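Protein chains: 2
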Amino acid sequence: MIRVAIDAMGGDFGPEPLVAGIVAALESKKFSALLVGNSKIIKPLIPTNLLKYIEFIEASEAISMEDGATEALKRKESTIFKAVDLVKNGLADAVVSAGHSGATMSLATLRLGRLKGVSRPAIATLMPNSKSSSTLVLDVGANVDCKSEHLFQFAVMGEAYAKEILKRNTPKIGLLSNGEEKSKGNEVSKEAYELISKLDNFTGNAEGGQVFDGSVDVVVCDGFIGNILLKTSEGVAEAITKIIKQEVKRSPMAIAGSVLMKKVFSRLKKQISYDEYGGAPLLGVNGCVIISHGKSNAKAMKNAIFQAINFADSNINKVIEQELSKHIKS
Amino acid sequence: MIRVAIDAMGGDFGPEPLVAGIVAALESKKFSALLVGNSKIIKPLIPTNLLKYIEFIEASEAISMEDGATEALKRKESTIFKAVDLVKNGLADAVVSAGHSGATMSLATLRLGRLKGVSRPAIATLMPNSKSSSTLVLDVGANVDCKSEHLFQFAVMGEAYAKEILKRNTPKIGLLSNGEEKSKGNEVSKEAYELISKLDNFTGNAEGGQVFDGSVDVVVCDGFIGNILLKTSEGVAEAITKIIKQEVKRSPMAIAGSVLMKKVFSRLKKQISYDEYGGAPLLGVNGCVIISHGKSNAKAMKNAIFQAINFADSNINKVIEQELSKHIKS
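Residue numbers (numbering that gives the first Met the number 0), protein chains in the order written: chain A, 0 to 329; chain B, 0 to 329.
Hints in this document: simulated from the structure, not taken from any laboratory. Careful: at least some of the hints might be erroneous.
If several chains are the same, the list does not tell them apart, and a pair holds so long as it fits within one copy or across any two.
Here are the simulated lysine-lysine pairs, DSSO-like style, with alpha carbons at most 27 Å apart [what the hints assert, rightly or not]:
1. K146 <-> K183
2. K241 <-> K171
3. K183 <-> K75
4. K146 <-> K181
5. K28 <-> K298
6. K166 <-> K241
7. K261 <-> K39
8. K115 <-> K244
9. K146 <-> K189
10. K197 <-> K269
11. K181 <-> K42
12. K262 <-> K294
13. K268 <-> K244
14. K248 <-> K130
15. K181 <-> K73
16. K181 <-> K197
17. K183 <-> K294
18. K130 <-> K268
19. K262 <-> K248
20. K130 <-> K269
21. K325 <-> K73
22. K181 <-> K294
23. K183 <-> K73
24. K51 <-> K29
25. K244 <-> K262
26. K171 <-> K75
27. K51 <-> K166
Fair warning: this is a prediction, and the values are worked out from it, not measured in the lab.
With the hints as extra help, turn the sequences into a complete structure.
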């Protein structure tokens, strides 16, 4: 049984939604849950019949969003520190945290170490596309200044995730750029283009829109741009929703129409909301780490746990090391 | 009367929609139109009562999308070259082109020269936001690798455009970054933050979503990221439209609902479509240049011409030079 360490206190809304997600996950899949936090608060939230799958690890401190990531490294009594160390010490197979993402990333990188051949771990995220599928984008925030070799490593890690976890045998890898033509790009991306060309599944430059039309499976970029892409897409979706709501209010006919279209909008909302996708895997560290959205609801938490189980159950880290060693040799 | 030189042959769909836009513009505003292209093709498309406002300038060549921008510089018989040179020679006050945007930009920069204090002209574009207004984003493609001083110049130019053309007295200027906090950013953007802080209207870092919520008036970024932001936003809007259409088809009730909501969707479409905004001003060159979308329809062309007229009628280029000279002195 896969053992998942979970920071049960992190997240913007406290332990309730997180624990609700853990309970939902345990109800549909058997795994061993190691809940890190204050058991006095967490335990009462769990149905007694599920307690046999759960172990409580006491941790008194929570790292708040105001804390710096480097400061977090010293906080040995914090939930994130203890959860990560369960993986480090071989007591858990994976870790999930909806707490301070910078702290989770730094702690995971420093305590678990990097995979062989990886200079910088990357945060990957699944974005919904119009083909009822999803596109993996990485990096979305871990590394703001990247060199071409980092982007190459992200491509290798993204390809491995697409193959091993998403089960896409020949995933199309695109390099985010300001045009599809090979001549497009900035200094770093043009260099990266040459490096990533070594991968059979590389399909060339991808424009911003290709993240959402399903024409590629993996999109590679640095974390500065990845964050902007993520926030831009959320912003556009919110603006469209807001405009529709404002316009609907202007006419009784439109209000009636919106009632009839309720299911359409709820399906759309489901398709584009992050909670369907769980969390963001941190790729390149020597372990399985899922970084969840600070605003995770129960469903997001449940899906993040399933992601962690799939991750721990896969060969992805071995595949990443093998792939990278091939290209270092050549 | 303002004299606008227009490349009447460029654009993906040939002269018809462009000339239709010119005709529509002339029908609601009086200006002198200098149409560059093959008059044998263009003239028959124009109602005789408007011919008195039009002068035809023959140009035999069109620069195709396959041509390189540098090659275009040598093509003296091309429509774009001739249209830009009308401004250079004082025969026109502004130029509008829906042709090869790279060629338009290079020709405008080299033939008209840069404003004093500007190292690199930038393409600015208006993006719709949920406050029924628009946000100016620059650069969206002219400069892929930027230094902090270039971003500072973009901020000054964007502020001048917002004041002089959009008539916003105290426009909020944001620097696109991976978080709102001052500590966020990559190497170049952090340096730029310090420089742009000299501007009174600078409100700090802006996230991708802020382009669409109306919390800032001007968003500054390099052209690589600007292009990605633009294409991302178009891609998200298209994906949402596609998902709604797919979902509507699944139920007769939803189809009925969508009929009742028809006006809402057409208003949404109007609010987010680029043709309402015309073209993209090229800021920083010694003249008034509007670069239109290659896929411009008549409405987009009409609005681009109005933009050109407003631009030519304003003091923006003088204001940019004055602002920049202040900061060079200090």
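Here is what the structure says about each hint:
no.: 1; hint: K146 <-> K183; result: both (17 Å within a copy, 19 Å between copies)
no.: 2; hint: K241 <-> K171; result: between (34 Å within a copy, 22 Å between copies)
no.: 3; hint: K183 <-> K75; result: between (47 Å within a copy, 26 Å between copies)
no.: 4; hint: K146 <-> K181; result: both (18 Å within a copy, 23 Å between copies)
no.: 5; hint: K28 <-> K298; result: within (14 Å within a copy, 56 Å between copies)
no.: 6; hint: K166 <-> K241; result: between (36 Å within a copy, 25 Å between copies)
no.: 7; hint: K261 <-> K39; result: neither (41 Å within a copy, 54 Å between copies)
no.: 8; hint: K115 <-> K244; result: neither (50 Å within a copy, 46 Å between copies)
no.: 9; hint: K146 <-> K189; result: both (11 Å within a copy, 18 Å between copies)
no.: 10; hint: K197 <-> K269; result: neither (37 Å within a copy, 44 Å between copies)
no.: 11; hint: K181 <-> K42; result: neither (56 Å within a copy, 40 Å between copies)
no.: 12; hint: K262 <-> K294; result: within (24 Å within a copy, 34 Å between copies)
no.: 13; hint: K268 <-> K244; result: both (14 Å within a copy, 14 Å between copies)
no.: 14; hint: K248 <-> K130; result: between (31 Å within a copy, 15 Å between copies)
no.: 15; hint: K181 <-> K73; result: between (45 Å within a copy, 24 Å between copies)
no.: 16; hint: K181 <-> K197; result: within (15 Å within a copy, 38 Å between copies)
no.: 17; hint: K183 <-> K294; result: between (37 Å within a copy, 20 Å between copies)
no.: 18; hint: K130 <-> K268; result: both (15 Å within a copy, 21 Å between copies)
no.: 19; hint: K262 <-> K248; result: both (18 Å within a copy, 12 Å between copies)
no.: 20; hint: K130 <-> K269; result: both (14 Å within a copy, 25 Å between copies)
no.: 21; hint: K325 <-> K73; result: neither (37 Å within a copy, 47 Å between copies)
no.: 22; hint: K181 <-> K294; result: between (39 Å within a copy, 22 Å between copies)
no.: 23; hint: K183 <-> K73; result: between (44 Å within a copy, 22 Å between copies)
no.: 24; hint: K51 <-> K29; result: within (11 Å within a copy, 81 Å between copies)
no.: 25; hint: K244 <-> K262; result: both (15 Å within a copy, 13 Å between copies)
no.: 26; hint: K171 <-> K75; result: neither (41 Å within a copy, 42 Å between copies)
no.: 27; hint: K51 <-> K166; result: neither (32 Å within a copy, 66 Å between copies)
In this structure, the hints that do not hold are numbers 7, 8, 10, 11, 21, 26, 27, in rising order.
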